[in-house]
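K.L.:
Please model the complete structure; the sequences and the hints are all you need to start from.
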Amino acid sequence: MPTDFVFWNEVIIPLAVLAAMVTLGFPVVRGVVRYFERKSGAAGEGDLAALRASVEELRSRLDRAEDQSARLAEFEERLDFAERLLTQQRERAVLKPGAAGEP
Numbered sequence: 011m012p013t014d015f016v017f018w019n020e021v022i023i024p025l026a027v028l029a030a031m032v033t034l035g036f037p038v039v040r041g042v043v044r045y046f047e048r049k050s051g052a053a054g055e056g057d058l059a060a061l062r063a064s065v066e067e068l069r070s071r072l073d074r075a076e077d078q079s080a081r082l083a084e085f086e087e088r089l090d091f092a093e094r095l096l097t098q099q100r101e102r103a104v105l106k107p108g109a110a111g112e113p
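Mind the numbering: the sequence shown is residues 11 to 113 in the working numbering, read in order.
Since the hints were derived computationally from the structure, they do not count as laboratory data. Some hints here could point you the wrong way.
Said to hold, decoys possible - Between beta-carbon pairs, the in silico distance windows are:
#, residue 1, residue 2, range
1, L95, A59, 31 to 37 Å
2, Q78, L105, 36 to 42 Å
3, I22, S64, 54 to 60 Å
4, R62, V21, 31 to 37 Å
5, R74, L34, 54 to 60 Å
6, R48, S70, 28 to 34 Å
7, K49, R74, 37 to 43 Å
8, R40, E67, 32 to 38 Å
All C-beta atoms, glycine included, are put in the ideal place defined by N, C-alpha and C.
P.N.:
Listed below in structure tokens is the structure:
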């Protein structure tokens, strides 16, 4: 009989206490965590939806800015080309009156 008593005292009762603590402890811990989240102002579902919408709007703005940047680069290239053409025309106009063989 003493071995049965030791088995109950050293194995079964500690396992039962552990199971009860785990079963009752998780909801208590979850409640405490939720309390502190609410108290600290953590983001709720509504806040997350607003943040997601804001991120999506910022992404669309970034896409538009990248498009405008590409267009600006193209306009700069065209302006450089036009400036080169004007410079060439001015150089030709300056060279024509004083041709190389004429005094």
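K.L.:
Compare the structure with each hint and give your call.
P.N.:
The hints, checked one at a time:
1. Range check, L95 to A59: Cβ separation about 55 Å, and the 31 to 37 Å hint is violated.
2. The hinted range of 36 to 42 Å is satisfied by Q78 and L105, whose Cβ atoms lie roughly 41 Å apart.
3. One distance hint, 54 to 60 Å for the beta-carbon pair I22 and S64, holds here, with the actual separation near 56 Å.
4. Checked against the hint of 31 to 37 Å, the pair R62 and V21 fails, with Cβ atoms roughly 51 Å apart.
5. Between R74 and L34 the CB atoms are about 55 Å apart, so this pair conforms to the stated range of 54 to 60 Å.
6. For R48 and S70, the Cβ-Cβ distance of about 33 Å falls inside the hinted range of 28 to 34 Å, so the restraint holds.
7. The hinted range of 37 to 43 Å is satisfied by K49 and R74, whose Cβ atoms lie roughly 40 Å apart.
8. Separation of R40 from E67 is about 34 Å and conforms to the stated range, judged on CB atoms against 32 to 38 Å.
When the structure is compared with the earlier hints, violations turn up for hints 1, 4 and for no others.
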